[in-house]
Structure formats: structure tokens, C-alpha cells
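Asker: Chain by chain, the residues:
2 protein chains.
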Amino acid sequence: MKRKPLTEDSILKKILASCRPQPGSSMSKSIALGIGDDAALFRPKIREETILTCDWFLEGTHFLRDTHPPDSVGWKCLARAVSDIAAMGGTPRCFLLSLALPASLTGRWLDTFLAGLRSASRELGCALAGGDTTRRGEVLINVTVVGEVKAGHAVLRSGARAGDFVYVSGRLGEAELGLRFLKLSKKPLKPRNPLTQKHLYPEPRVALGRWLSDTRLASSMMDISDGLSSDLRRLCAASRVGARLEMERIPRVGIPDDALFQGIDSIRLALHGGDDYELLFTVPPRRLDLVPGSFQGVPLTLIGTITKKREIVLLEDGGRNRQLVIAGWDPFRERI
Amino acid sequence: MKRKPLTEDSILKKILASCRPQPGSSMSKSIALGIGDDAALFRPKIREETILTCDWFLEGTHFLRDTHPPDSVGWKCLARAVSDIAAMGGTPRCFLLSLALPASLTGRWLDTFLAGLRSASRELGCALAGGDTTRRGEVLINVTVVGEVKAGHAVLRSGARAGDFVYVSGRLGEAELGLRFLKLSKKPLKPRNPLTQKHLYPEPRVALGRWLSDTRLASSMMDISDGLSSDLRRLCAASRVGARLEMERIPRVGIPDDALFQGIDSIRLALHGGDDYELLFTVPPRRLDLVPGSFQGVPLTLIGTITKKREIVLLEDGGRNRQLVIAGWDPFRERI
Chain A
1 MKRKPLTEDS
11 ILKKILASCR
21 PQPGSSMSKS
31 IALGIGDDAA
41 LFRPKIREET
51 ILTCDWFLEG
61 THFLRDTHPP
71 DSVGWKCLAR
81 AVSDIAAMGG
91 TPRCFLLSLA
101 LPASLTGRWL
111 DTFLAGLRSA
121 SRELGCALAG
131 GDTTRRGEVL
141 INVTVVGEVK
151 AGHAVLRSGA
161 RAGDFVYVSG
171 RLGEAELGLR
181 FLKLSKKPLK
191 PRNPLTQKHL
201 YPEPRVALGR
211 WLSDTRLASS
221 MMDISDGLSS
231 DLRRLCAASR
241 VGARLEMERI
251 PRVGIPDDAL
261 FQGIDSIRLA
271 LHGGDDYELL
281 FTVPPRRLDL
291 VPGSFQGVPL
301 TLIGTITKKR
311 EIVLLEDGGR
321 NRQLVIAGWD
331 PFRERI
Chain B
1 MKRKPLTEDS
11 ILKKILASCR
21 PQPGSSMSKS
31 IALGIGDDAA
41 LFRPKIREET
51 ILTCDWFLEG
61 THFLRDTHPP
71 DSVGWKCLAR
81 AVSDIAAMGG
91 TPRCFLLSLA
101 LPASLTGRWL
111 DTFLAGLRSA
121 SRELGCALAG
131 GDTTRRGEVL
141 INVTVVGEVK
151 AGHAVLRSGA
161 RAGDFVYVSG
171 RLGEAELGLR
181 FLKLSKKPLK
191 PRNPLTQKHL
201 YPEPRVALGR
211 WLSDTRLASS
221 MMDISDGLSS
231 DLRRLCAASR
241 VGARLEMERI
251 PRVGIPDDAL
261 FQGIDSIRLA
271 LHGGDDYELL
281 FTVPPRRLDL
291 VPGSFQGVPL
301 TLIGTITKKR
311 EIVLLEDGGR
321 NRQLVIAGWD
331 PFRERI
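Protein sequence lines, in the order shown, are assigned to chains A and B.
For the first sequence, this note's numbering gives the first residue as 1, with consecutive numbering after it.
For the second sequence, this note's numbering gives the first residue as 1, with consecutive numbering after it.
All clues given are correct.
BS3-like cross-link-like pairs, simulated, lysine-lysine; straight-line CA separation at most 25 Å: (1) B:Lys309 with A:Lys13; (2) A:Lys29 with B:Lys150; (3) A:Lys308 with B:Lys13; (4) A:Lys150 with B:Lys150.
It is worth saying that the hints were derived from the structure and are not from the lab.
Turn these sequences into a full structure, and let the hints steer you where they fit.
Answerer: Written as C-alpha cells, this is what we have:
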């Protein structure tokens, strides 16, 4: 028996029932008025600036309906937008969900999607405040996240100076390897396979970003979403500087010893793989001693230095210098 | 000769060049940091709450690429989201633009779209603060608008009480008539044809909304985006009340005396037509004398009363009462 597709209002009710923060909870404090009116009302804290970011998450471009489980789609659409808040050194407060989907997906798919979204919302302390829904042949998602940071404390892309040291958190290329594994794998994978975990359920580095902003250790910062090569170029362009990376220092994904992964080069994944949502930041020389080797279990690795000359040079393992090729993800060049 | 499609970064630059507010202008004051970093920074005013809203504007669902000129798409995607700010009694401050489009439209189409967007941004005092772009086969737009309202002054949907009077601004059904004219018309129309003006370039009632909030005249308010019948039902549901409308009082679009429009019923357009972006609000009886017949040239019309009984009754011109049929636009029921 075919169920009657839901109306827009009843889909809103479903979203609300799944994701509304508990009244009185710390998460709901900053929301004066949530879903159900023309707009949401947010109470800004005094002496804080509001951080605003929005992110597309589109079927066929950013995820595949047959490959990506709906709860991963729900988790990731919020996590990747929250990563932009982390990259400014801020704290996520609330989000707006714009969701377009086929009427046929308003049952089980939507329920599982909302379960993933609810997990991310709770884990990241970011409450649903509003949104917009409509019908569409494919799943289209846009998430706006609102965060806050002490006035004057936001860490920008533009603060890097020649002589600063370049750091990354985590190990790069893990998400890209996970994506390839998902696509190569013939049989369905366990829901929490460690190889695909980072691609499906990325964890934005909120605590690390906030710590780097509070301590003012980082002179510049951004998150790595399109790959180190593309994103470091953006940071250098914003700061009007260049950089020199040492290939052997770059922390990279380990490639499993399996025929499936033959020919996959971990340094290529680390330089150009997308979706890692690690933090890329720079530290002035006088503050270098204050950077620990890891933060809450996440390794922090020095990978190079900022240079006055506006080019990005990679010192290869053999000792040869070459210009770093920019080959991170650009939606106007390629698709997943 | 086929031009090389732009990269994501160069599209961002194009958007920025077209829409960046002048530094030092009143529009740019609340934006501490605009496009070009991981996120935008907004400086909230003290003793104000932040209003947040987002709106889909999708090719094939909300507009048609062949029918709607790109500058109208640019104008309207912002204007309709700003209308939600007006509906709360707030002042728009800034917006985020999420834009997905085919590489083939990154030339002239994008330029004209941005010109329309820039006009709306300037006229509505709402500055571009950030966004996200990607490639897609169809044009997908999502706009997030940030507004502000004095703390405690936002006018909600939930404030209507039995005995309040129901008002609307403007004349209803004009946008729907414009859409029908656009679709019926065989030849290309003049860019500023008065019949299509309201459908293509709607003007959100920001000054009126703010005045109703400042004076505390309105006990409840929302904008009419899906049609009076659907939207009044939402207001009544939020306020847990009903309403009684008098059909003869409803200010409605005039139908031109032309064979093209034969059979089109102005009251149906006024009750169920979408996209008007007029304000629907309620006024307590003791404040009735303070409501003028028009505000800045926009008529304000009393169309009925709020009732305790939770049903919406329409008193027809002949004097017969009937339940109002809810037949406004619902994307899960129909498409344009």
C-alpha cells in the first residue's frame, strides 16, 4: 500500500520532533524562538561576535544516495558546516536546515537521515533553530551554522607571516581513502568500518580550534575541506605569503596492505584528498614551544614554514624542491 | 570559441566584485569579516536579538530558466528571504548566498543574476556576507538572511487572540496573476511590465513590519508567501485560534479585460495565490483606531476577526458562511 506523501508542514513537524533541543537544555539557551515561525530568534552573547557559514551538501555532487547511508548524510551535512566554525576558533550554537527531497524519501530515509543529524547536533552542541523544506527529484541539503567567538578572537586565514610555522591536525588523506574504499568495495560495509569512518562521520576540530583561538597560539587558521594543496594556497593568498612544505613531515593516512588499494599513493591522498576537516594553522616562532605534540588525542604536526616569496614549494623526500601542484577538489573541475 | 569555465575561487571573486558592500558604508558596518574566509563575522547590536531565516529558490520548483529573467532570479531570491525578516518586525542586516549552477551559466547569466541580486541588496539594506558555490546541472539557490530586532519586540505568529482584527497589506493575488501572464504570454514581455512586476520583483514590507513591531500595534504577524488560505491557517494554528474572513473586504488583484485572462477568478487568486510577500497581521480591538488606511502608500485592509473556535470561516459575498478551503502552494502537492 502506498502511503500518502507528507505535506510540507508535516515534514517540518517530523524534523522538529526529531531534532528540537530540550527546552531548558544548555543547547537551547541561545535560541529564543525555534522552528515554526517565519524565522528563528537567536540571543547573541555580549562581547561575542557571531560567526555565519553555509554549506551545500548535494546528492550526486557531495554524496551518492546508493553509497552513503542516510545517517551519514545527516551527520556529515552538519559536521562539515560546523568545521567552518571550528576553523575560526568559534563555538557552534545553532543551525538552519534547508532540505529538498523526493516525496518517496519522506519515510524511512528521512527518519534515518534525521537520526544522524540529531547525533551530530547533540555531539557538536549545535541546536536546530529553523529551516526550509521542499520537494525535489534529488536530495538537496544546505546547512547554515551560527557560531560565536570572543570579539576580536576569531582566527582568520589572513594572519600568517613569513617565518611562521605551518601545522596540521590529524592525519591527512583518511577521508579520501575511505571514499575510495566505499566505491571499490563490492559488498556492503559494516556501518562503523574504521576505514570509512572519517569519510562518513567526520569530527570537526571544535575544541582544538577554540583552544588555538583562546590561547592566541595560531596566527592564521582554516579547515582542510578540499585538500591540503588547494586549501594551503587559499590561506597563503589571503595572507599574501608563500609556504615551504617538507613532504616527509606530512602526517598521512596508512594504506592497508590489500590488493584493493594497489597503486594508491598515500602522499597524493594527503596532499589532494578532500573532506578531512582537519585544521591547518600557523604559529609564530616565539610561540612554537607552546604547541603540544597532540591535543585531546589528535596529533598536531609541524609540516613547513611560511615564506615571503608567494609560491608554495614542496621539499620532496629525496631532497628535491618543486612547486606544489594544486589538485584539491574543485566542483567546477570534477565530480565525486 | 568556448570559454574555459571558471573555477570555484574565480566565481567567488565575481560574486564579491559585484556584491561586496562599500567599506565604511552603513550596510557594511555590521559585517566584521565578509567573503573570503572560512565563515563571516557579524557584530550583533546590543539589546537586539538576531533573526535567522533561510529560503530555497530552485530552478524548476520556484522559477523556470526560460521564463524568469536572471536579474529577477537574483532580486527575488533575496527579497523573499528578507520578507521573513519583515514578518518578524526586524531589520535585515546581511545574507549568505549558496549558489549551484552549470559551468555554462557562469558568464552572462551569472552577471545578470548578480546585477539583480546587487539591486535587491542595496534597496533592502542587506549586505552580502558570505556563501558557498558549486557546480550543478540546474540552478540551485539557498539564501540565509540575518536580521535584527529589539529584544522582546519580534512579532510572532503565535500572538493572535480571539477578538483581534485581521489585516493584510497590499492587494492579494497580484503575483499569481503575473505568473499566469508570464506563462500564457506567447511573446517576450517588456522587462518592467506592470502585470509581472510583483511576481518578478516583489518588495518585502520591511518598513511596515518594523513600524508594526516598534509601535506594538500587531499582536501577531507573518508574511503571505504560499497564499492567504494556507498562511492564515498557519497563523491560527500557532495562536491556537480560528478566524472569520469577509470575502468582500479582501483586497484583490484587478483582472485585465482581455481574452487571455478569461475565466480567471480574482478571489481565488487572492485566497490561494502564492508569492505576494504581503504582511498578514492581527490588531487587538483597543488599538484598532491607531491603524491607518495605508502605510507609505501600501493599503492596510481589515479583512476579518480572530475567533476562539478553531476553524477558518469565509463569509461569502452572498452572505453565506463556508469553511475556507486550504489551497495555497505546497511543494509536496504541486509544482509551478
